[in-house]
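A.B. asks: Sequence:
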Amino acid sequence: MGLTTLRQMRQLGVEPGALRRLRLHQIQNIETVLQVDSALRALGASLADPVTPALAAKLEATALGLYARTIARQSGHVVTGVELGGGRARWKLGDLMSYYETGLRAQADPKRARDLHKSLLTDHGLTRDAFVTTDFDLVFLLEDAP
Numbered sequence: 001m002g003l004t005t006l007r008q009m010r011q012l013g014v015e016p017g018a019l020r021r022l023r024l025h026q027i028q029n030i031e032t033v034l035q036v037d038s039a040l041r042a043l044g045a046s047l048a049d050p051v052t053p054a055l056a057a058k059l060e061a062t063a064l065g066l067y068a069r070t071i072a073r074q075s076g077h078v079v080t081g082v083e084l085g086g087g088r089a090r091w092k093l094g095d096l097m098s099y100y101e102t103g104l105r106a107q108a109d110p111k112r113a114r115d116l117h118k119s120l121l122t123d124h125g126l127t128r129d130a131f132v133t134t135d136f137d138l139v140f141l142l143e144d145a146p
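Just so you know, the numbering used here puts the end of the sequence shown at 146, numbered straight through with nothing missing.
Everything labelled a hint here was simulated from the structure, so no lab data went into it. Heads up, a few of these hints could be off.
[Stated by the list, open to error] Taking lysine to aspartate or glutamate and the DMTMM-like style, the derived pairs with C-alpha atoms no more than 20 Å apart in a straight line are:
no., residue 1, residue 2
1, 118, 101
2, 118, 60
3, 118, 129
4, 92, 129
5, 111, 101
6, 92, 135
7, 92, 60
8, 111, 135
9, 111, 37
10, 92, 143
11, 118, 37
12, 92, 15
13, 118, 137
14, 92, 144
15, 118, 143
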């Protein structure tokens, strides 16, 4: 996926180091949704709160945070901060997971997806009955790489 993003940037004429923001929009990636939910719960924060340094560190360590850091580095940037916004949808976690296991976004191997989801639930101490917020945005603030 990273190479596709870099190719699109080149096609749009984006010069290395020219971006100032990298926005990941309407996130529904289950791993990242759970990581953000856990980070907010651990810090007693919400999506509407300002991003503290402690929260920023946790957001940058999410699956999509690591992806963003890779894109930034490969395109001549460094991540200098992160913003969190949006969060327009609340899903029952089991419904969201089913959407990726057997629904329109079904993976090629539904059993593998279910096993991954079971592992993620265990890691985050949640059940499929829990509700999570999705469709939030992660915005990574960028500067030219040294």
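A.B. asks: Determine for every hint whether it applies to the structure shown.
C.D. replies: Hint check:
Between residue 118 and residue 101 the CA atoms are separated by roughly 12 Å; this keeps the pair inside 20 Å, and the hint holds. For the suggested pair residue 118 and residue 60, the alpha carbons sit about 24 Å apart, so the restraint of at most 20 Å is broken. Distance restraint check for residue 118 and residue 129: the Cα-Cα separation of roughly 13 Å lies within the 20 Å cut-off, and the hinted pair is therefore satisfied. The suggested pairing of residue 92 with residue 129 holds, with an alpha-carbon distance near 6 Å, which does not exceed 20 Å.
With a CA separation close to 8 Å, the supplied pair residue 111 and residue 101 stays within the 20 Å bound. Distance hint between residue 92 and residue 135 is fulfilled; the C-alpha atoms sit about 14 Å from each other, no more than 20 Å. Only pairs whose Cα atoms come within 20 Å are accepted, and residue 92 paired with residue 60 is rejected, the gap being roughly 25 Å. Between residue 111 and residue 135 the CA atoms are separated by roughly 25 Å; this puts the pair beyond 20 Å, and the hint is violated.
For the suggested pair residue 111 and residue 37, the alpha carbons sit about 24 Å apart, so the restraint of at most 20 Å is broken. Note on residue 92 and residue 143: the hinted pairing is violated, with a Cα-Cα distance of about 38 Å set against a maximum of 20 Å. Note on residue 118 and residue 37: the hinted pairing holds, with a Cα-Cα distance of about 16 Å set against a maximum of 20 Å. Of the pairs offered as hints, the one joining residue 92 and residue 15 is violated, with about 41 Å between alpha carbons and a cut-off of 20 Å exceeded.
A hinted pair counts as satisfied when its Cα atoms are at most 20 Å apart, and residue 118 with residue 137 does not qualify at roughly 25 Å. Under the criterion of a C-alpha separation no larger than 20 Å, the hint pairing residue 92 with residue 144 is inconsistent with the structure, at around 40 Å. At roughly 38 Å between alpha-carbon atoms, residue 118 and residue 143 are farther apart than 20 Å, so this suggested pair is violated.
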